[in-house]
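Student: Sequence:
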Amino acid sequence: MNRKKILRQILNLDPIRDHLKIVHLNSFYDFPWDNTRALEFALFRTFAIPAIGNLLYHTGEFEYRTQKRYDDTDLLLSEIIEHGYDSERGKAALARVNGMHGRFKISNEDMRYVLSTFVMEPYRWNQRFGYRKATNQENIAGHKIWYEIGVRMGIKDIPETFGAMLEMNIAYERANFGYTEGGRKVADATVNLMLGWFFPKFMWGMCRPFMYALMDEPLLNALRLKKPSPVIVGLVNAGMNLRKFVLKFMPARRKPVLRTRRTVDSYPKGYTIDELGVHYKNQTKADKVINQ
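Taken in order, the sequence shown gives residues 6 to 297; the numbers are from this note's numbering.
The set of hints was computed from the structure by calculation and includes no laboratory data. It cannot be assumed that every hint is accurate.
Stated by the list, open to error - Each computed BS3-like pair below joins lysine-lysine, with the alpha-carbon atoms no more than 27 Å apart:
id : residue 1 : residue 2
1  : K9        : K26
2  : K110      : K9
3  : K138      : K274
4  : K161      : K10
5  : K73       : K96
6  : K10       : K26
7  : K190      : K232
On a predicted model such as this, the values are computed, not experimentally measured, just so you know.
Please take these sequences and the hints and turn them into a complete structure.
Tutor: The structure is reproduced here in structure tokens:
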């Protein structure tokens with residue numbers, strides 16, 4: 006299958022009725038790497054919302070068990086997307102997500118904003134780095150799948166169109182982005198986690214500005230991260246533009262890239278949905294800093 010054939014398939018599908026199929030073609034065949042990176046950087050935007058950043062800091066999970074917290078989030082959301090929100094595995098994953106969130110007082114507005122990042126960050130990443138721009142069908146389908154997931158999470162007043170969700174997302178960030186010590190600490194821990202996937206620790210300092218170059222100015226300001234130099238931004242953009250150019254001539258993947266099929270650090274022998282996430286037993290701060 007070539008890339009144009011995938012695009013033709015998408016263009017021939019209805020973005021509402023066939024939203025699951027469109028999302029699968031987009032996420033598992035055409036843009037698996039891009040969408041994964043986009044959702045990773047979506048995390049940082051949630052850290053810039055004070056109530057969310059502080060909550061994540063006070064649980065300790067993102068600071069002290071960063072890899073496990075990342076793997077749990079990745080696998081739970083991947084189970085829902087890969088199998089469908091109304092499948093047996095999708096429902097089980099949603100139940101775990103709802104169970105964890107239900108322990109905390111999280112405003113509907115914050116939950117709705119977090120939901121919007123799963124739609125908007127892949128869109129923004131695609132506009133900046135995609136080898137082709139996402140079609141209207143893909144944008145609508147991306148909104149539709151997360152709208153349905155949000156409904157099943159009990160989130161109220163979810164914007165009913167892609168455009169309305171984009172407007173809400175932008176307005177919420179303008180009104181609520183702000184610095185907290187907790188948000189900065191979980192952001193730093195997450196940056197270190199991601200750098201650790203590719204580089205030895207002694208290189209993290211020199212590599213950190215290249216990660217910041219993938220963030221926009223409002224996010225950098227909210228987290229008080231140092232703005233990268235124009236030279237570093239230029240190098241990152243040049244590298245990503247080269248990648249875009251090369252991908253245009255690469256054949257499409259023959260097999261889907263499924264996140265649930267890979268071996269993850271936190272579960273080297275595999276996992277069950279029920280064991281994913283945090284099972285709170287009246288201990289927080291990452292089980293009192295991993296039981297000292």
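Student: With reference to the structure, classify each hint as holding or not holding.
Tutor: Hint check results:
1. K9 to K26: holds (16 Å)
2. K110 to K9: violated (46 Å)
3. K138 to K274: Status violated; Cα separation ~38 Å.
4. K161 to K10: violated (38 Å)
5. K73 to K96: holds (22 Å)
6. K10 to K26: holds (14 Å)
7. K190 to K232: With Cα atoms ~17 Å apart, K190 and K232 stay inside 27 Å; holds.
Hint compliance for this structure: hints 2, 3 and 4 are broken, all remaining hints hold.
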